[in-house]
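Visitor: Taken in sequence, the protein lines are chains A and B. Quick note: the first sequence uses this note's numbering, first residue 744, plus one each step. Quick note: the second sequence uses this note's numbering, first residue 61, plus one each step.
What the hints contain is simulated information worked out from the structure, not anything from laboratory work.
Calculated from the model, a selection of chain A residues having no Cβ within reach of chain B, i.e. all distances over 10 Å: (1) Asp858; (2) Lys1003; (3) Leu1045; (4) Pro1143.
If you anchor each label on the Cβ, the simulated ranges turn out as follows: (5) A:Ala1077 - B:Leu269: 34 to 44 Å; (6) A:Ile1061 - B:Ala179: 51 to 61 Å; (7) B:Leu165 - A:Ile1061: 45 to 55 Å; (8) A:Ile1183 - B:Leu269: 26 to 36 Å; (9) B:Asp422 - A:Gly1080: 35 to 45 Å.
A quick note: this is a predicted structure, and the numbers were derived from the prediction, not measured. We put the CB at the ideal spot given by N, CA and C, even for glycine.
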Amino acid sequence: MTDATSAGAAPRPARSSSILEQDARTRKRNAAESRFKMYGIAAIGIGIFFLCVLLFAIVRNGIPAFTQTFITAEIALPGDRLDKTGNRDPEEMAKVSTFGYKPVIVDGLVRALEDAGIEIPFEDKADVEKMISAAAPAQVRDTVLANPELVGQTVEFRFLASSRVDGYEKGRVTRGDLARDKNLDAEHLDVVDAMKDAGMLERTFNWDFIFGADASESRPEQAGIGVAMLGSFFMMLVVLALALPIGVAASIYLEEFAPKNRWTDLIEVNISNLAAVPSIVFGILGLAVFIQIAHLPQSAPLVGGLVLTLMTLPTVIISTRASLKAVPPSIRDAALGVGASKMQSTFHHVLPLAMPGILTGTIIGLAQALGETAPLLLIGMVGYIASNYPDGVVSGFMDPNSAMPAQIYEWAKRADPAYYERAWGGIIILLCFLMTMNIIAIILRRRFERRW
Amino acid sequence: MSASMLLLIVLALAAIGFILGRVRALSSAGGDSRHLHSLPSYYGWNVALWTMVPALLVLLIWLVAQPLLIERSVTQLIPEDSYAGPGELSLIMSDVRRVAEGLDLAVAARQMSADEAAALSDPEGLRGTLGALGVALGSEIEPTTLAAAQRYRVLNATGTMVRNILVIALALAGFALAWMRTNADFRARNTVEKGVLLLLIGAASVAILTTVGIILSLIFNTVEFFRLYPARDFFFGTTWSPSFGGGSELGILPLLWGTLYISFIALAVAVPIGLFAAIYLSEYASPRVRGTVKPALEVLAGIPTIVYGLFALLTVGPLLVNVFGSGGVLGVDWMGGATSVMTAGLVMGIMLIPFVSSLSDDIINAVPQSMRDGSLGLGATKSETIKQVVFPAALPGIVGAILLAASRAIGETMIVVLGAGAAARLSLNPFEAMTTVTAKIVSQLTGDADFASPEALVAFALGMTLFVITLCLNIFALWIVRKYREQYE
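Chain A extracted, bound-state conformation:
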């Protein structure tokens, strides 16, 4: 049948041409055929091309976030400035604020540069502080307060380089960019190059980005996604604890017990419609019901989890129903035949057989919830600087926190371009989680799916 068509149109008796030779019309039709096929290939090509561009952009822009530039220097900690009474009493020493530590660091850094034989080309030597992160004084202060005996000694510290220096190391900031930048001058970069040659400056893997807390707007080099990751984790716990039992119960009812009536129809229409409602509408619902009426705390992972549960439920229900439907009726009949009640046949036989499918659907629903941002914007999970780890399980659920996608959005909105790199890096981490979840779902499906 197909052979006949691929050999061209059937020859008409009126024409004298041979069937081995294509006439003009056939050639035209065949050309149209291959053109049409090319459109399809082109469409797929464009789709795959977009996918590649997207992945390439993510990886290229995000990978630098996983390394960070550090400056190592030996800092003398003078007793007369950091501990005036000389008692080495942490409570008294705590009176010296981070401002008191700044000159100490500048002095130490200038001396370290001189020791290494690096010339400082700018007039005000205090300008060296522009090369290290604004977090450095707090770092030294915390070390000193934790161990007062260090005062009077010379201690080696590993400081975060400032975001501009870090950007220069990664090739993000060029000398041309710095002409208009008040945070760093080209002269600093000469020092940076010299420090690199002297081994004072190095770029290493940045664990703090993965496990650290978010930092304020002026310190992008310090920001990490760890706290937001915990926020997402607690939200996923809420979603799992609510969406799985409610979703499974609802599907069992609809698939096994529900009579065909108006009420059931209404529920069905509702579920398929809820699956297509824009996610931001769920955010409005969460804001109005959980925060405006129930006075639950804003920005809490509990509220985020509740909103995402409502959003994920349709996904879980739809996939659970599909896997319940896939269990053949003979299983039910056999159970009923040996005297089980309908409830027993469902819970003892149908449900265990459908479990792999249900879990697959649940994991995919969770992955969807993990990446969702819009509803979280409305319940206040954005704009909050997630700088503290929760103290425990209750605080993990109830205290304000961010979530991974919300944190990425927050970084994308900040003015400093150094945060863009963090946002892309955060996306890599988020996608790693999603990929793992999807792979688990695929493995579950492959291993346990049964064909009846």
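Got chain A sorted already, so can you dock chain B onto it with the hints?
Guide: Just chain B now, kept in the frame of chain A:
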């Protein structure tokens, strides 16, 4: 006694009930479970359910209702001339709650005795005391606020006590009733299964409750908004310039225009690519190609929208500026900044490709093979078969898929928040920044939302509009798709 403690007590009672019910059933059958109507554990479950379910139901309702009722009764204590609008009232009420909680804390921390706290009617110095306990108050406490707080405490204490007694009494009553009824002939399985069925029905109704919740929360706030701002100006106004100081113009038309324009561009990208991809995959591709390309395209659907948003803002936007901006490759100065209708539309189109392609793929596959065979048998080429037989047959379903994609595009938030810009304008230039309904919902409700001003409430009216539009599209599309499936089943 806190609610969680109460919960634990009820659960413990239920556990005891399970054991005792089982034992009683077995002993009534003389220790031989064959004489029982149901399996022994059903008798246990029967008692446990009777203990647990009514008590927990009451507890749940009480937990929701008590704060609402107390709030209402305490609000009446605040003199009406001390606040200007609902916004100030809610501030006063949150002060009242904080003072009441602070007093409870003070009693718990033994800073004052319970009697002292209850008798306190002079707010002098109270702010300092509470501040030391970590309860921060914005301003000095008014005597009326303190009085209301005292009333709040009294009501709360009474309510909690009544709740505790009622819940435990209910649990015990359920326990006793079920336990008394337990004997060998009692049909425990039927009762338990009826109970479980009710639980299942309840779970299925959560979907309805969600929809009802969405509609109610939108309607109440929308009505509130239209009381403050005329509906005609909202629906037909052509300027959008909210200012929280008052005198804002909140016309939806520029936002709708931006939404539709971006969605149109997105569909113009996604529909041809998605449709041709679906046709190729279902009609031409070998199983191996199909097995690799289809999942690869579906990866696009699994990527979170925030990623697309960032991609639009930081990659596609600057790229378009390099081409269409001033000093760009084309030498035209059409585009000012990275955010524009084109940026958002293009990226949204990429996001929708797999959505269109997998839905259309399903629909094309549902066209019966016999129709293709008939056409091929008459001598049509494959592309002629697709264009003249398969596609027309699948058309209603494909229209449904496109409508679903359109509803997605209209409701999409993150891409437009990051990629489309913030300026509301009515313009035809696709390289200009415009804004959408969803982006404005976000910007009006993020931050310290005071739900009394029309500038915040307008977000609910926008949400209502969005909900109604997408609901109509969804229902229509789902109806078409279902109708189409029935046609060939």
